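**Q** Based on these hints, arrange chain B on the given structure of chain F.
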Amino acid sequence: MEKFIKLDGLVVPLDRANVDTDAIIPKQFLKSIKRTGFGPNAFDEWRYMDQGEPGMDNSRRMKNPNFVLNQDRYQGASILLARQNFGCGSSREHAPWALQDFGFRAILGESFADIFFNNCFKNGLLPIELPKAEMDALFGLTEHAPGFRLTVDLVAQVVVRPDGHAIPFQIDAFRKECLLNGWDDIGLTLRHAEKIREFEAQRRLTQPWLFA
Amino acid sequence: MSKTLYDKLWENHVVHAEADGTTLLYIDRHLVHEVTSPQAFEGLKLAGRKPWRVSSIVATADHNTPTSHWERGIEDPISRQQVETLDDNIREVGALAYFPFKDKRQGIVHVIGPENGATLPGMTVVCGDSHTSTHGAFACLAHGIGTSEVEHVLATQCLLQKKSKSMLIRIEGKVDAGVTAKDLVLALIGKIGTAGGTGYAIEFAGSAIRGLSMEGRMTVCNMAIEAGARVGFVAVDETTIAYLKGRNFAPKGDDWDKAVAHWRTLVSDADATFDAVVDLDARQVVPQVTWGTSPEMVAGIDACVPAPEDFKDPVKREGVERALQYMGLTPRMPVNQIKIDKVFIGSCTNSRIEDLRAAAVVAKGRHVAANVKLALVVPGSGLVKEQAEAEGLDKIFIAAGFEWRQPGCSMCLAMNDDRLSPGERCASTSNRNFEGRQGAGGRTHLVSPAMAAAAAIAGRFVDVREIL
Numbered sequence: 001m002e003k004f005i006k007l008d009g010l011v012v013p014l015d016r017a018n019v020d021t022d023a024i025i026p027k028q029f030l031k032s033i034k035r036t037g038f039g040p041n042a043f044d045e046w047r048y049m050d051q052g053e054p055g056m057d058n059s060r061r062m063k064n065p066n067f068v069l070n071q072d073r074y075q076g077a078s079i080l081l082a083r084q085n086f087g088c089g090s091s092r093e094h095a096p097w098a099l100q101d102f103g104f105r106a107i108l109g110e111s112f113a114d115i116f117f118n119n120c121f122k123n124g125l126l127p128i129e130l131p132k133a134e135m136d137a138l139f140g141l142t143e144h145a146p147g148f149r150l151t152v153d154l155v156a157q158v159v160v161r162p163d164g165h166a167i168p169f170q171i172d173a174f175r176k177e178c179l180l181n182g183w184d185d186i187g188l189t190l191r192h193a194e195k196i197r198e199f200e201a202q203r204r205l206t207q208p209w210l211f212a
Numbered sequence: 001m002s003k004t005l006y007d008k009l010w011e012n013h014v015v016h017a018e019a020d021g022t023t024l025l026y027i028d029r030h031l032v033h034e035v036t037s038p039q040a041f042e043g044l045k046l047a048g049r050k051p052w053r054v055s056s057i058v059a060t061a062d063h064n065t066p067t068s069h070w071e072r073g074i075e076d077p078i079s080r081q082q083v084e085t086l087d088d089n090i091r092e093v094g095a096l097a098y099f100p101f102k103d104k105r106q107g108i109v110h111v112i113g114p115e116n117g118a119t120l121p122g123m124t125v126v127c128g129d130s131h132t133s134t135h136g137a138f139a140c141l142a143h144g145i146g147t148s149e150v151e152h153v154l155a156t157q158c159l160l161q162k163k164s165k166s167m168l169i170r171i172e173g174k175v176d177a178g179v180t181a182k183d184l185v186l187a188l189i190g191k192i193g194t195a196g197g198t199g200y201a202i203e204f205a206g207s208a209i210r211g212l213s214m215e216g217r218m219t220v221c222n223m224a225i226e227a228g229a230r231v232g233f234v235a236v237d238e239t240t241i242a243y244l245k246g247r248n249f250a251p252k253g254d255d256w257d258k259a260v261a262h263w264r265t266l267v268s269d270a271d272a273t274f275d276a277v278v279d280l281d282a283r284q285v286v287p288q289v290t291w292g293t294s295p296e297m298v299a300g301i302d303a304c305v306p307a308p309e310d311f312k313d314p315v316k317r318e319g320v321e322r323a324l325q326y327m328g329l330t331p332r333m334p335v336n337q338i339k340i341d342k343v344f345i346g347s348c349t350n351s352r353i354e355d356l357r358a359a360a361v362v363a364k365g366r367h368v369a370a371n372v373k374l375a376l377v378v379p380g381s382g383l384v385k386e387q388a389e390a391e392g393l394d395k396i397f398i399a400a401g402f403e404w405r406q407p408g409c410s411m412c413l414a415m416n417d418d419r420l421s422p423g424e425r426c427a428s429t430s431n432r433n434f435e436g437r438q439g440a441g442g443r444t445h446l447v448s449p450a451m452a453a454a455a456a457i458a459g460r461f462v463d464v465r466e467i468l
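The listed protein sequences derive, respectively, from chains F and B.
Residue numbers are given in our numbering: position 189 of the first sequence equals residue 189, and the series is strictly consecutive.
Residue numbers are given in our numbering: position 319 of the second sequence equals residue 319, and the series is strictly consecutive.
Chain B with its partners taken away, still in its complex shape:
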């Protein structure tokens, strides 16, 4: 019988199944960060249990870490305690790799896994973080999990799961210059909604996906969760294999050849059937800007903000009304008339080298507008930062009036000092525009790195295709 990639990844990890379909799935890689792990390590200890396989663990501190003045350490005592708790826990139990605060290879957990070759095709990857779906770009079954599940994986090397339905999202066609992976996934979420993928495992396919780099595929899979799907993935191809070759934890020698042969099987069979299929025409996608407080509240740069009366469903209509009020926008206002106060280029969605290059192309030789109070560039990891500096991107950003920071999650969720003040409006390359996400009362518009850089220069949203 023909199988989907999801079937193959699933079947490859089944240890045991209950009568109702609840399944014990074996976990290959466990990514750990400071926010969602302390209670799990404590629970393990209280129960007198030991981690099942510490060589599955890759850990880093990313959510709480400051992005400036590293010489001062972590000044917030509560944040510092959380990071030190991770230090203590990893020191006690061990790990395949730990990249603590200030380590050269420290960074956002979803950036460091792939760049170190710790994320490999066919793996099950878990992390106490919903954006774990990012790793699906490597044909992994990558689940975001809660803290109880972090403890469960530590103790048993397994996750209890029921198989989801399968959804194929086919994105065909070639995009315009200036239209990126971020625009594709935002347009998709606009089409199917933030609950469109709930209960599904999404396979992203089609020529537009094949045409993306691994960085671009990671951006798309990262936001599968914003479409409601806990996992999203892309089949293995030459791009996948070329990216992995030579990376730190990637197999070497004979193992490499054997691994590659196995990885090439990680594709859906040609005649495999899916529970749902969604098509998106990449040629129709223009640069996207979210206008509301949910990622599905999104429009093209050439469009206008909607009006509540455009929506028939009363719950939806009230939601739009509340969102426009929170965002301080008037119905029918053109998106390119929205002025901004701050810019954030970073996050597990868009902080990789390709993202920084795309923003730098726009920033080069230009300057941040006078009405923009702060434009931050936060590389996803120490290695990304090093690479960007080797390419001179830092100098381009600094000359253009951007701040060049140390790696971390930063203003995506504002657990450190990088945040919006009430009422401030931000062009952000992150993944969530929820109320208060980037700081209480802050207003977030999600865009691609190129669009964020263009907004920084113009002081309002503009069509980056007109600048390039």
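In isolation and in its complexed conformation, chain F is listed as follows:
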């Protein structure tokens, strides 16, 4: 997994609540058996005027000029602003894969759906929950200041605005360590392989029907 330590990036606002993972990456692209290449189809139904299908040359498709991600001023953004319940619905990890492949490294939102939130950490994509008042201010600043950037400092656990205003955020200590070091969960868990074997052996004795 790619490390996440500190990010300075251009910000794009997606000002709607309940953005679901079907919207982030529509189902027809889930037929892929790869982890990569989902970026061109992130938000496909909102981003393009036609209906997207796997295998299309996305560079030739007509883009929806009204969709915020298509606007010139936001090209190259790596920080996404979101509202409540971002990433709700399907557990598809293709959603964080698509966002990351698109170029995002951090998502700042009022709240996130549990499974999506969790999936982000497995891919070095940092979801940050911030109070509504701070998010309202960030949406306002992003809209009014072309080229608006933010710094996300994971070590210090702050999002810093260009005016110096620092917004603290919470993150589990374990997840923070994993992101800072780019650690792979499986490798970490397998350090406890002996404990897992002991637990399993005990369980097999007391509840043998679970091992039929």
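Hints were generated in silico from the structure; no laboratory data involved.
From a predicted model like this one, the values you see are computed outputs, not experimental measurements.
Take these hints with a grain of salt, some might be off.
Claimed, not checked - Partial pick of chain F residues on the chain B-facing surface, computed with a CB cut under 10 Å:
#1 G9
#2 A23
#3 E93
#4 L190
Don't be surprised by glycine CBs; every beta carbon is placed ideally from N, CA and C.
**A** Just chain B now, with coordinates in the frame of chain F:
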């Protein structure tokens, strides 16, 4: 100290806990399907790892499989490759059970687990699918997981989790005839919102829940995720035990008695406390119809579609405005004036035998309205289909103008050919009314199987209680 059912299920599976509470939970059952597993099997192979315990795996192909013309196989080459990749992976690593495409017991992963007795009380159940919460109906801790976690469970038999807060949802009272588990859970989501359960593990309790069959409880737990909760469950009672007896992978003989004794402990202690409690009066619940693009945008059949100005919060108001525009509805329009183009009866929410029976009661001796272009009935599994046919339900549906299909996820998420065209409006027994969920530009209204059948007959939404 008194414990909730959640405490008991959690404590029963803790292998190791980090200082910040991040916990390694042991996983008893791993359900696998074709869409969210290929990258996990590939990752495992690339790292030179082997699955920890293949006897925990139950696999099937369901999302991509066609529901008609099985003799032609899977015509879409990309879908076919994904299903064949699952075939190859399971052939290579093994499984407790694999129900491939066309197998008699193939079906939706959340239907086949319980019906084969592969879902047992007290288990931790995971699957790369958010509707894994369905299995909570059996007092399981059942999590939907992402593909990285599928790989993690394959490699370690554990899931990294932090304990959620606990929420008790008490649904008391007896419902009217024609009001179903689906209406209860939709009304609940309307009340607490799609993020109402975020960060919580939900226990569904109360006399209305106790009064539900296992099929009904599965419908309720299935949609816990639509209320934002990754897990939702119901305590064990006689209904649970009676359902499991004699099923394929359920314990037999002495093991059965020991298992039942253990299962009976899987209830919250009488004086257990919860972080949040929500009450819903089942007697007040009427058949529900969603009108928007989020499951919380729901109203009773006797109500009207709201207007954006009813909502004070600007983000919510804009959301309602956008939803009404997408759905092609006018504010204040009565729900029973909404005409439909298609009907879908199926999905992991509502494709079990009881669901098909409820729809068949309405369809019997009637006919699908002229304005309805397609009315699909997609059983949840080969076994459900077989049972329905033994009861003659297929004949009732066909005589009424419905199409009787092969099992699979079908038009719930439209990964196969069953889908809506842009602008088409569907009465659907599935779980999500998101934009484009059933096909780009399609308009989904979530309802119960009885309400879907009634809408098919009338060509618009009607109160099924007036038909029964």
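**Q** Output the indices of the hints that this structure fails to meet, ascending.
**A** 1
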